[in-house]
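*Asks:* If you read the protein sequences in the order shown, they are chains Z and P. When we follow the numbering used here, the leftmost residue of the first sequence carries the number 1, and every step to the right adds one. When we follow the numbering used here, the leftmost residue of the second sequence carries the number 1, and every step to the right adds one.
Some clues are possibly wrong.
To be verified - List of simulated lysine to aspartate or glutamate pairs, DMTMM-like, C-alpha gap at most 20 Å:
hint: 1; chain 1: P; residue 1: K59; chain 2: Z; residue 2: E110
hint: 2; chain 1: P; residue 1: K31; chain 2: P; residue 2: D75
hint: 3; chain 1: P; residue 1: K59; chain 2: P; residue 2: E41
hint: 4; chain 1: P; residue 1: K121; chain 2: Z; residue 2: E110
hint: 5; chain 1: Z; residue 1: K31; chain 2: P; residue 2: D75
hint: 6; chain 1: Z; residue 1: K59; chain 2: P; residue 2: D106
hint: 7; chain 1: Z; residue 1: K87; chain 2: P; residue 2: E45
hint: 8; chain 1: Z; residue 1: K60; chain 2: P; residue 2: D106
hint: 9; chain 1: P; residue 1: K172; chain 2: P; residue 2: D157
hint: 10; chain 1: P; residue 1: K10; chain 2: P; residue 2: E42
hint: 11; chain 1: Z; residue 1: K89; chain 2: P; residue 2: E105
hint: 12; chain 1: P; residue 1: K103; chain 2: Z; residue 2: E56
hint: 13; chain 1: P; residue 1: K103; chain 2: Z; residue 2: E110
hint: 14; chain 1: P; residue 1: K87; chain 2: P; residue 2: D75
hint: 15; chain 1: Z; residue 1: K89; chain 2: P; residue 2: D114
hint: 16; chain 1: Z; residue 1: K2; chain 2: Z; residue 2: E64
hint: 17; chain 1: P; residue 1: K103; chain 2: Z; residue 2: D54
hint: 18; chain 1: P; residue 1: K87; chain 2: P; residue 2: D51
hint: 19; chain 1: Z; residue 1: K87; chain 2: P; residue 2: E105
To be verified - Going by beta-carbon spacing under 10 Å, a handful of chain P positions derived as facing chain Z:
hint: 20; residue: T40
hint: 21; residue: T48
hint: 22; residue: C53
hint: 23; residue: R56
hint: 24; residue: D76
hint: 25; residue: L80
hint: 26; residue: I81
hint: 27; residue: R89
hint: 28; residue: Q91
hint: 29; residue: I107
hint: 30; residue: S178
hint: 31; residue: I180
hint: 32; residue: E182
Said to hold, decoys possible - Label-pair restraints from in silico Cβ distances:
hint: 33; chain 1: P; residue 1: G169; chain 2: Z; residue 2: T14; range: 35 to 43 Å
hint: 34; chain 1: P; residue 1: D157; chain 2: Z; residue 2: K89; range: 49 to 57 Å
hint: 35; chain 1: Z; residue 1: L125; chain 2: P; residue 2: D51; range: 39 to 47 Å
Since the hints were derived computationally from the structure, they do not count as laboratory data. Just so you know, even glycine gets a beta-carbon here, dropped at the ideal spot from N, CA and C.
Given next are the chains, with one letter for each unit.
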Amino acid sequence: MKVIILGCGRVGSTLARLMLRDGHQVTVVDKNIDAFRRLGPEFKGTTIIGNGTDEETLKKAGVESADVFVAVTNGDNTNIMSVQIAKTKFQVPKPLARIYDPIRACAYQELGVDTICTTLIDSRLIRDHLLGRELGLAEDYCSLNDEEAVV
Amino acid sequence: MYIIVAGGGKVGHYLTRALIDAGHEVLVIEKDRVRAAYLTEEFGEAVTWGDACEVRIMKESGMERADVVVAITGDDEDNLIICQMSKHRFQVPRSIARINNPKNEDIFKRLGIDTTVSSTKIIFNLIEQQIETDEVIPLAPLQRGNIEIVEADLGPDSPIIGQRIPNIGLPKDALVISIIREGHAILPNIDVEFRQGDSVITLVNADKEAELRNVFEALPR
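Based on the provided sequences and hints, a complete structural model is requested.
*Replies:* Right, dumping it as structure tokens:
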């Protein structure tokens, strides 16, 4: 698959390596050239410097022919906007936005944006680990339960 | 009207001032605490310190009763999210987004934000001598009698396409004075049918401008 990863932080860089190892074609986009250091010297994918909500940058990264577009920058709003562009304007088949804020994640899930809320996943996983509970199913950790999310 | 201004930078500051002077109830939301304190000196309780993208702040600001939300921060992605959330989560009837990167105008439209303002684009258009927007825009206020000349570009969703002037339900104090079609001005008579792409020039009592807007524009999706 042709995978575009927006944001080369810890998650972005790790995901890029995992996807490459599984034989996918990976392009990583970040505003900051220094971020690409996290990919390591052996990295065989493509890197693009630019703003992930800018169409030209996305085109340069190959969004028009991408199978997957994942946004994992540290800005929720940047992730939401870039994924909406990838989905509505460029019809990327599998777009995904990582959103820290559970409320925003729920709201955009309802609006048809594919979201993953690692705040909820991490908190539930850590809770179960601390309480010595048997670990649940991935879908339980990923579920966007509104009541739980509302602060 | 109750108007929420998201972003208390220079534009937010002067917009808030102008809206308050015009007699509106206004709340400006500013993320930076120092900046919020500065605005509070001038506007008192009309200032909230917080991130306008946070649902908690939106709730505290009473967004569910807002008539208009103006997202005017320096970040387009924040403005998009504020407008989308105000529309879908709080059913605010009108939201206006400031766009910093003119290329985002098309994206905002696709994503359901119909009213956008791009100062970059306005200045560019002024230089290019052609102001293009598909909103109903006031062309000139006439000093006597509170009358304005407004222009409306008919988009594909406009409800009046295919209709004639007597049938579109114009407000009483409005008069269609010209239709610009394919670059030519037409003096309208009752037989002319509106087409997509027409620019309709109307004289209207300033109080009826909102009503006129409803005649020309598609209902919010």
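*Asks:* Does K31(Z) pair with D75(P) here, judged by a C-alpha cut-off of 20 Å?
*Replies:* holds (15 Å)
*Asks:* Compare the distance between the alpha carbons of K172(P) and D157(P) with 20 Å, and conclude whether the hinted pair is satisfied.
*Replies:* This hinted pair is violated, its Cα atoms lying about 24 Å apart.
*Asks:* Have a go at the D76(P) hint: is there a Cβ in chain Z nearer than 10 Å to its own Cβ?
*Replies:* holds (7 Å)
*Asks:* Between the alpha carbons of K89(Z) and E105(P), is the straight-line distance 20 Å or under?
*Replies:* holds (13 Å)
*Asks:* Given the hint that K103(P) pairs with D54(Z), does the C-alpha gap stay at or below 20 Å?
*Replies:* holds (8 Å)
*Asks:* Is the Cα-Cα distance between K87(Z) and E105(P) 20 Å or less?
*Replies:* holds (17 Å)
*Asks:* Can the restraint linking K59(P) and E110(Z) be considered satisfied, given a maximum Cα separation of 20 Å?
*Replies:* The given pair, whose Cα atoms are some 19 Å apart, holds under the 20 Å limit.
*Asks:* Given the hinted pair K2(Z) and E64(Z), is their alpha-carbon gap at most 20 Å?
*Replies:* holds (10 Å)
*Asks:* Given the hint that K121(P) pairs with E110(Z), test it: the Cα-Cα distance must not exceed 20 Å.
*Replies:* violated (33 Å)
*Asks:* Within a Cα-Cα threshold of 20 Å, do K31(P) and D75(P) meet the stated pairing?
*Replies:* holds (12 Å)
*Asks:* Does the closest beta carbon of chain Z sit nearer than 10 Å to the beta carbon of R56(P)?
*Replies:* With Cβ-Cβ at 6 Å, under 10 Å, it holds.
*Asks:* Under 10 Å is the threshold here; is the Cβ of L80(P) close enough to any Cβ of chain Z for the hint to stand?
*Replies:* This interface hint holds because 5 Å falls under the 10 Å limit.
The structure is inconsistent with the numbered hints 3, 4, 7, 9, 13, 20, 21, 28, 30, 31, 32, 33, 34 and 35, although it conforms to all the rest.
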